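Colleague: Sequence:
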Amino acid sequence: MVLAITLHNIPEGLAIGVAFGAVASGLPGAEIGAAVALTLGIGIQNFPEGVAVAIPLRRKGMSPVKSFFWGQLSA
451 MVLAITLHNI
461 PEGLAIGVAF
471 GAVASGLPGA
481 EIGAAVALTL
491 GIGIQNFPEG
501 VAVAIPLRRK
511 GMSPVKSFFW
521 GQLSA
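In the working numbering, the protein residues as written are 451 to 525.
Don't read these hints as lab results, they were simulated from the structure. Since the structure is predicted, the reported quantities are computational estimates derived from the model, not experimental observations. By construction, the Cβ of each residue, glycine as well, lies at the ideal position given by its N, Cα and C atoms. Do not take every clue at face value.
Pair by pair, the computed Cβ-Cβ distance ranges are [what the hints assert, rightly or not]: (1) K516 with G476: 41 to 49 Å; (2) L477 with P498: 30 to 38 Å; (3) L453 with A480: 29 to 37 Å; (4) A502 with P478: 36 to 44 Å; (5) K516 with A480: 33 to 41 Å; (6) Q522 with G467: 18 to 26 Å; (7) I460 with M512: 19 to 27 Å; (8) G491 with G511: 30 to 38 Å; (9) I460 with V501: 15 to 23 Å; (10) K516 with T489: 26 to 34 Å; (11) V486 with T456: 20 to 28 Å; (12) L523 with V486: 19 to 27 Å.
Using the sequences provided together with the hints, build the complete structure.
Modeller: Shown next, in the form of structure tokens:
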């Protein structure tokens, strides 16, 4: 599950990079507000994904610190 969610998040990170890259290069229609909104939206959406990874790991006996670490690493 950790690997699946990590792979799922790679295109999200690329989308954020493209959004800010478009703003930095001055492409018409690219605005900083849109890039920030995209970043916030993806960040908010990733929180429950991290929890979805951490809770099963914790239930399997992993320490709270390690399960939190893996949840954050995957998100």
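Colleague: Evaluate each hint against the coordinates.
Modeller: Hint-by-hint comparison with the structure:
About 44 Å separates the C-beta atoms of K516 and G476, a value consistent with the hinted range of 41 to 49 Å. Between L477 and P498 the C-beta distance comes to about 32 Å, which sits within the given range of 30 to 38 Å. For L453 paired with A480, a C-beta distance near 33 Å keeps the hint of 29 to 37 Å intact. In this structure the supplied range 36 to 44 Å holds for A502 paired with P478, their Cβ-Cβ distance being about 39 Å.
Under the hint 33 to 41 Å, the C-beta atoms of K516 and A480, about 40 Å apart, fit the expected range. The given range of 18 to 26 Å is respected by Q522 and G467, whose C-beta atoms sit roughly 20 Å from each other. Our hint of 19 to 27 Å for I460 and M512 holds, since their Cβ atoms are close to 24 Å apart. In this structure, G491 and G511 meet the distance hint of 30 to 38 Å, their C-beta atoms being roughly 34 Å apart.
Distance hint for I460 and V501: a CB-CB separation of about 20 Å, consistent with the stated range 15 to 23 Å. For the pair K516 and T489, the beta carbons lie near 27 Å from each other, so the given range of 26 to 34 Å is met. V486 and T456 have their C-beta atoms about 24 Å apart, which keeps the hinted 20 to 28 Å range intact. In this structure, L523 and V486 meet the distance hint of 19 to 27 Å, their C-beta atoms being roughly 24 Å apart.
In this structure, none of the earlier numbered hints is contradicted; all agree with it.
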